[in-house]
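Asks: Chains as they are written, first to last, in our numbering: chain C, 1 to 62; chain H, 1 to 543.
Keep in mind the hints are simulated off the structure, nothing from the lab. Where hints are given, some of them may not hold.
[Claimed, not checked] Derived contacts from chain H toward chain C, CB cut-off under 8 Å, selection only:
no.: 1; residue: 392
no.: 2; residue: 395
no.: 3; residue: 396
no.: 4; residue: 405
no.: 5; residue: 433
Positions of the beta carbon are idealized from the N, C-alpha and C atoms, including for glycine.
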Amino acid sequence: MSDLNLNQNIDKPDDFYADLLSAHEGLSKAESDAFNARLILVLANHIGDREVIKDALEAAKI
Amino acid sequence: MLDDRYKLAFEAYPYERNSDQDADTPVRHPVVIMGGGPVGVATALDLGRQGIRAIVLDDHEGVGMGSRAICFAKRSLEIADRYGCGDPMLDKGVVWNVGKVFYEDRKVFEFNLLPEDGHKFPAFLNMQQPYFEQFMIERARELQAEGMPIELRGKNRVDGVVVKDDHVVLTVMTPEGPYTIEVDWLIGADGANSPLRGMMGLEFEGRVFEDNFLIADIKMKGDKSFPTERWFWFEPPFKSGSSTLLHKQPDDVWRIDFQLGWEIDRKEELKEENIRVRLDAMLGPEIEYEMVWSSIYTFQCKRMDRFREGRVIFAGDAAHQVSPFGARGANSGMQDVDNLGWKLGLVVQGKSPESLLDSYDSERVFGAEENIMNSTRSTDFITPKSEISKIFRNAVLNLSEKHAFARPLVNSGRLSVPCVYDGGVLNSSDDLHGGPDRTRPGAPCPDAPVGSGFLMAKLGDDFVVLAINADVPGMLEEAGITARVVSISTEDDSNGALADRYLGDAKSAVYLIRPDQHVATRMGAYDGMKLRSALRRATGQEV
Ligand SMILES: Cc1cc2nc3c(=O)[nH]c(=O)nc-3n(C[C@H](O)[C@H](O)[C@H](O)COP(=O)(O)OP(=O)(O)OC[C@H]3O[C@@H](n4cnc5c(N)ncnc54)[C@H](O)[C@@H]3O)c2cc1C
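Given these sequences and hints, build the entire structure.
Replies: As structure tokens, this is what we get:
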């Protein structure tokens, strides 16, 4: 079991951020919301570890 | 004065005058059950078979029209089998394994329940509730004929209760006027609207779901056959509701459930021509059918704070209610009976202290909580309550079409499984190293083939010491209670199911199993001291 990593973990952060925004390009607000929901589900499944996910849910509250 | 509140599917216990009506002073009975629905009748079967006089009072003369429950879970069937009426259910019911999930205009995926081998009963059996009740009532009649003390009194409506410290006084209305009886124990199995709860001023709080569901049971005509599958549509394109469920029952009858929303005109929606518009839109114009039954229901998830109030014990819908998604109503009611029957039996026979019945309360409240949680989660998925929950729901459905990971998130009802009484007050320790998780103390025993029969048939009714590849000196007796020994060698275990379910990594095992087939304790080899103390604990004699 690993802890939630809140340090920088993505190589080339600017590129990642651009990818994220471009995925939303041309989408309506509703489509973007739906896309985000699907993305969260895909990523959460990849993480799998429920403790890490719970920590992520906490961390996202700011 | 004693008018029927609903139409009968069939008459089962016509009114007959009984001797209590002619007694000068109120007669005292050990147990009276208020309500002759599935839970009330099952309670009478359980107690009657223990030789305890059980009288059922119902305000009607038989089983209500309309199917209501259709999905009966393995555990309910195993309980019914113990009472001696599992086989007719198996003959009548329809087994289904394939489910299909649709979203908008397309099928997103299908699943197979992939039933585990080596059980007498399937995971689920579909049949109209009146059949389920009929088979139990027929069994009660058989037992009566054999001299077991079961009595079913139709058109006997409980109109008044006075609860005393050590008994309850009942005023019972009949077509020939009222009579009074006294009972040591009163079982409230009088359904969701429980007049008993009302008479006792007990609270029944919970969550009301603002939605109406239209159910139509239809009989298909002509030769177009529909498969024996469960179909669930989220947001169907035929605009007949925001979700729709299609399920098969015996006699070529299909259950269709339309979610209608909150603001509806009930009377309008229930007109046959309007129901047909919805059905035609869904089935297509070429399908011919006959309407068997229809109804609109709303539901709530709630439970009583406590299921035992001194000499009054609540069971079934009277004690708790859930949404129909997941088939946890009648099925959990049967587990209440299973849990209550043997405990009340021991208390009535003076073998256990009354406090044993508090474990009925704690175990079944735990069960009700689990059922309410599961059915609330299903309901929140089927009818999302906020914009964001709908966004996530639809995201899951869309992903489920392509990606396997999303399919387990689709929740159109998690079908009823019996609960494990983890941490239950009657459990003793788990001393079977490497033993399977599914048979830990508190768990219901899973069935397994043994020789040419099944394990379940060898358990039940009383306490059992189940010895697998282990020597046991003979039956166990402690504080007036005996536990029968069932000895099995894995040589009788042709497909390894028994070892898989009861041994795990262990070479041998000794289990103490309660009369409701839940595990009290387990260990690797016979230990008389431990078993005795577990037996005392499980019968409420040691806390
Ligand atoms: C649409 C629908 C679908 C369902 N599907 C399922 C399913 O698939 N699987 C499942 O397990 N459950 C299902 N259920 C739930 C199931 O029908 C109930 O949980 C079950 O009937 C409860 O049984 P009961 O004996 O507790 O109460 P009831 O069946 O309500 O019986 C109570 C009895 O008490 C009698 N009574 C009431 N007042 C008095 C009085 N004053 N004196 C004497 N008698 C009285 C009543 O007449 C009645 O006969 C469904 C329910 C609905 C509405």
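Asks: Would you mind marking each hint as holding or not holding in the structure?
Replies: Hints, one by one, checked against the model:
no.	hint	result
1	392	holds, 5 Å
2	395	holds, 4 Å
3	396	holds, 6 Å
4	405	holds, 4 Å
5	433	violated, 24 Å
Violated hint: 5 only; the structure is consistent with all others.
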